[in-house]
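Assemble the whole structure, with the sequences as input and the hints as a guide.
So the sequence lines, in the order shown, correspond to chains A and B.
Note that this note's numbering has the first sequence beginning at 1, numbered continuously upward.
Note that this note's numbering has the second sequence beginning at 1, numbered continuously upward.
Warning: the hint list may mix true and false statements.
[Claimed, not checked] For each label pair, taking beta carbons as the anchor points, the in silico distance ranges come out as:
hint	chain 1	residue 1	chain 2	residue 2	range
1	B	Pro-110	A	Gly-275	24 to 32 Å
2	B	Pro-110	A	Glu-133	33 to 41 Å
3	B	Gly-41	A	Lys-152	53 to 61 Å
4	A	Glu-133	B	Ser-284	27 to 35 Å
5	A	His-156	B	Glu-77	39 to 47 Å
6	A	Gly-276	B	Lys-39	32 to 40 Å
7	A	Ile-60	B	Tyr-65	41 to 49 Å
8	B	Asp-116	A	Glu-304	27 to 35 Å
9	A	Glu-118	B	Asp-123	38 to 46 Å
10	A	Pro-285	B	Asp-116	32 to 40 Å
11	B	Glu-143	A	Ser-46	22 to 30 Å
12	B	Asp-116	A	Lys-152	37 to 45 Å
13	B	Lys-39	A	Glu-118	55 to 63 Å
Since the hints were derived computationally from the structure, they do not count as laboratory data.
Here a beta-carbon is modelled for each residue, glycine too, at the ideal position from N, C-alpha and C.
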Amino acid sequence: MEDKKYILEVNDLHTSFFTDAGEVNAVNGVSFKLEPGKTLGIVGESGSGKSVTSYSIMQILAQTGRITGGEVLYKGQDITKYSEKEMQKFRGSKCSIIFQDPMTSLNPVFTVGYQLEEAIMLHTNKTRAQAKERAIELLSLVGVNDPEKRLKQYPHEHSGGMRQRDMIAMALACEPDILIADEPTTALDVTIQAQILELMQKLQKKLGMAIIMVTHDLGVIASMCDEIIVMYGGRVCERGTADDIFYAPAHEYTKGLLRSIPRVENMNQKLVPIGGTPINLLNMPKGCAFCPRCDEAMKICLSEVPDELRISDSHLASCWMNVKELFESNKEA
Amino acid sequence: MSEEKYLLEVEHLKQYFPVKEGFSKVPLKAVDDVSFAIKPGETLGLVGESGCGKTTVGRTLLRLYQPTAGRITFDGEVLFDSEKKIDVDMQLYRKKMQMVFQDPYSSLDPRMTVEDIIGEPLDVHKLYSSKAERRDKILSLMETVGLNAEHAMRYAHEFSGGQRQRIGIARALAVNPKFIVCDEPVSALDVSIQAQVVNMFEELQEKLGIAYLFIAHDLLVVRHISDRIAVMYLGHIMEIADSDELNENPIHPYTHSLLSAVPIPDPNIARQSKRIILEGDVPSPLKMPSGCPFRTRCPYAQEDCAKVMPALKEVSPGHSVACHHIEDISRIKKGVLLN
Chain A
1 MEDKKYILEV NDLHTSFFTD AGEVNAVNGV SFKLEPGKTL GIVGESGSGK
51 SVTSYSIMQI LAQTGRITGG EVLYKGQDIT KYSEKEMQKF RGSKCSIIFQ
101 DPMTSLNPVF TVGYQLEEAI MLHTNKTRAQ AKERAIELLS LVGVNDPEKR
151 LKQYPHEHSG GMRQRDMIAM ALACEPDILI ADEPTTALDV TIQAQILELM
201 QKLQKKLGMA IIMVTHDLGV IASMCDEIIV MYGGRVCERG TADDIFYAPA
251 HEYTKGLLRS IPRVENMNQK LVPIGGTPIN LLNMPKGCAF CPRCDEAMKI
301 CLSEVPDELR ISDSHLASCW MNVKELFESN KEA
Chain B
1 MSEEKYLLEV EHLKQYFPVK EGFSKVPLKA VDDVSFAIKP GETLGLVGES
51 GCGKTTVGRT LLRLYQPTAG RITFDGEVLF DSEKKIDVDM QLYRKKMQMV
101 FQDPYSSLDP RMTVEDIIGE PLDVHKLYSS KAERRDKILS LMETVGLNAE
151 HAMRYAHEFS GGQRQRIGIA RALAVNPKFI VCDEPVSALD VSIQAQVVNM
201 FEELQEKLGI AYLFIAHDLL VVRHISDRIA VMYLGHIMEI ADSDELNENP
251 IHPYTHSLLS AVPIPDPNIA RQSKRIILEG DVPSPLKMPS GCPFRTRCPY
301 AQEDCAKVMP ALKEVSPGHS VACHHIEDIS RIKKGVLLN
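Now the structure itself:
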């Protein structure tokens, strides 16, 4: 009964890359649940494991990468146990992904139309003529002008924004339940970014799909997401609604991140940067991943990984500071 | 009176690149008739979409490109004047103006140690008398940008993005410049590192009084660091004003849509604000629209916009806009607000 509510459940996912330098734990026990029709945002800087999490769901990891633990439940079924054939059916028809760089994710030697039709024919029994009709329909859905002409063109003849539209059209070809957007607008200009974000919201309303939005841009997250996960060093450090994260951040990393970006309120003040450098996954600290850069770090942070502590109904954070505060307030009482 | 105050003055700068189209060569007008001025110790932000010519402006100022036409005055001396055929040797002036590049990965020679990278401008301009002095200078520069002395013998690949950008900044500071062109210096960096570098730019300006031309597409960063902001579109400056004035009281329809397109990291503001979504893409600079370049995407465009490119007009002190229909637009906007 409970399971039916969520379209995707990720439980304690571990993904590692086996490199010459040793095992790199890119994702270290990530869990989340996604409701149909909702948008989940995953924020983090490079190396936080946000992209690897989404690649793990789709099982499109690089050759050295492997899911080493945990489960990914799609409508209650564990897709990490799927065979490659079953996965091929899953990708594209149930869950699609769009990538950061629309320049490199389309094949330059085939026309846009051919690539779109290929995606449609792979998952349906349509003939090429029917697929073409559907492709035209899809391109007009994503707001490409003159779709018939555009289908015959090669990717290099399309602008960046249009290529991202092509990618979205391709991802939507089989009306998936879940759309994973991995930094979909990072390579685009702000005005084009606004167009694409608006388009994604419109399509979500129309088709009722769930979106996983992976990005480092807190602005994009604030305007798009129902629920947010903040990742650092392959772990979830905080999760909650947009209001929880932006107005009541409970993890030191989230707090630092919000202090370090220019916002309307701090325009004339100095930014407060997070010291140090982003984490090296080959050399993970024993305790909390953020503690080498954290100003508030305590003894326990060095040695033990904090558990998630519930702050409100929708808001969880894994930071020892919250445990300390809780302990102190209990002592007073 | 005002003439004396400026460190750098650019008048009617044009930068065309010849592009082959079939058998003929057509000019690609990357920068077309751009004028602005920068005071000593001031930061001018330059924003715009990719392909609008903002990087070209920065590079032309340092004469990495030969300008097609216009006049550049720096520190009271004319560096380039196409009419009077003045064209000075830039080597001398690069002691006073420097550049920090966007990509900290490709702008540092992988085969040079940090000491040599920072020392190269000192070598070129012969700014030391002994080896010990060279080393002292390099070490103090490294300290200025927050690098340790033991980093001097390392190579660029041993550093993270933020540290590499510090090396690039130390190299620019080596000659003690009065003016630095910062071409997207933070856009390749992680969010948590961006603030470190932005703060460093601000601290260096306070300490050394350097003027910046800060080129970036991240409007929030530009707004944070700049005293004044110029908005470019297809080789033209559309609006130029004080940083706060431009953000609170934008006049040009392009500035409006650019500002409204910026995702604000604040859920309440994001929910309330209404984005002005521009239709379509930026036209190719090879097929520039006649008249005002923005008219193809402008919601207020009228017939006369296709005829003449509007000149930059001062609407209030320090706030200039290039648009034919400023009054009409502000009237329409007021009407919208009343409704």
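We went through each hint and held it up to the structure:
1. B:Pro-110 <-> A:Gly-275: 24 to 32 Å: holds (27 Å)
2. B:Pro-110 <-> A:Glu-133: 33 to 41 Å: violated (52 Å)
3. B:Gly-41 <-> A:Lys-152: 53 to 61 Å: Roughly 56 Å apart at Cβ, these two residues keep to the hinted range, so it holds.
4. A:Glu-133 <-> B:Ser-284: 27 to 35 Å: holds (31 Å)
5. A:His-156 <-> B:Glu-77: 39 to 47 Å: At 45 Å between Cβs, range holds.
6. A:Gly-276 <-> B:Lys-39: 32 to 40 Å: Roughly 36 Å apart at Cβ, these two residues keep to the hinted range, so it holds.
7. A:Ile-60 <-> B:Tyr-65: 41 to 49 Å: At 42 Å between Cβs, range holds.
8. B:Asp-116 <-> A:Glu-304: 27 to 35 Å: violated (45 Å)
9. A:Glu-118 <-> B:Asp-123: 38 to 46 Å: At roughly 57 Å between Cβ atoms, Asp-123 (chain B) and Glu-118 (chain A) fall outside 38 to 46 Å, so the hint is violated.
10. A:Pro-285 <-> B:Asp-116: 32 to 40 Å: holds (34 Å)
11. B:Glu-143 <-> A:Ser-46: 22 to 30 Å: holds (28 Å)
12. B:Asp-116 <-> A:Lys-152: 37 to 45 Å: violated (53 Å)
13. B:Lys-39 <-> A:Glu-118: 55 to 63 Å: Since Lys-39 (chain B) and Glu-118 (chain A) have Cβ atoms about 58 Å apart, the given range 55 to 63 Å holds.
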